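Here the protein sequences come in this chain order: A and B.
Per our numbering, the first sequence starts with residue 1, numbered consecutively.
Per our numbering, the second sequence starts with residue 113, numbered consecutively.
Keep in mind that a hint or two might mislead.
To be verified - Label-pair restraints from in silico Cβ distances:
id, chain 1, residue 1, chain 2, residue 2, range
1, B, 166, A, 82, 40 to 48 Å
2, A, 56, B, 163, 33 to 41 Å
3, B, 122, A, 70, 29 to 37 Å
4, B, 151, A, 84, 35 to 43 Å
Hints listed in this document are in silico derivations from the structure and should not be mistaken for laboratory results.
Computed from a predicted structure; not experimentally measured.
In this text, a Cβ means the ideal position worked out from N, Cα and C, and glycines have one as well.
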Amino acid sequence: AQSVTQLGSHVSVSEGALVLLRCNYSSSVPPYLFWYVQYPNQGLQLLLKYTSAATLVKGINGFEAEFKKSETSFHLTKPSAHMSDAAEYFCAVSSGNTPLVFGKGTRLSVIA
Amino acid sequence: NAGVTQTPKFQVLKTGQSMTLQCAQDMNHEYMSWYRQDPGMGLRLIHYSVGAGITDQGEVPNGYNVSRSTTEDFPLRLLSAAPSQTSVYFCASSYLLNTEAFFGQGTRLTVV
């Protein structure tokens, strides 16, 4: 079975600072990994995904994530936070033949 | 292109009432899922379907029924609503289980 742990339910950064949202996964088979973003009162939209190609994955809005098999991690980063990045972020894992399993989410606040 | 459409957006039920949350997608996706989102719990899988006529249980299926008579529609039925079912419900669809999932805008359900 797959599982996801997101460290930190709430992260606060200053505008222009580095964003780092942590995700560790557990999977008995090579995983497919995803980051989704949810803006207030909206559904989820895909930021980026890892599907066993390049380990460094670039997504929308300047976000990227690095797959590290040895650390079972898929942390999300952005070099410079913008006010519009304030949202909730979810890491998710799939084995390929099971639906997505989500972490509990990390709420990102950006301080002016 | 409408994507994934959920109705209603908001609903208040009394304990013991039944209702159906509607979900339709126009992307010809085989895979559809229902999740519930609760504060601090992330998204938890209720039921999912890998094609018309095929459904399976997720992590939290009790109190919910689903059916998939067409590729486009995947309704979620609450048999006898309970306050514990107060939540935001999301429907999602994808081409494969390891590809991007597209989410509806959610249904906010309150059971009193």
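Structure-based check of each hint:
{"no.": "1", "hint": "B:166 / A:82: 40 to 48 Å", "verdict": "holds (43 Å)"}
{"no.": "2", "hint": "A:56 / B:163: 33 to 41 Å", "verdict": "holds (34 Å)"}
{"no.": "3", "hint": "B:122 / A:70: 29 to 37 Å", "verdict": "violated (46 Å)"}
{"no.": "4", "hint": "B:151 / A:84: 35 to 43 Å", "verdict": "violated (23 Å)"}
Hints 3 and 4 from the earlier list are contradicted by this structure; the remaining hints agree with it.
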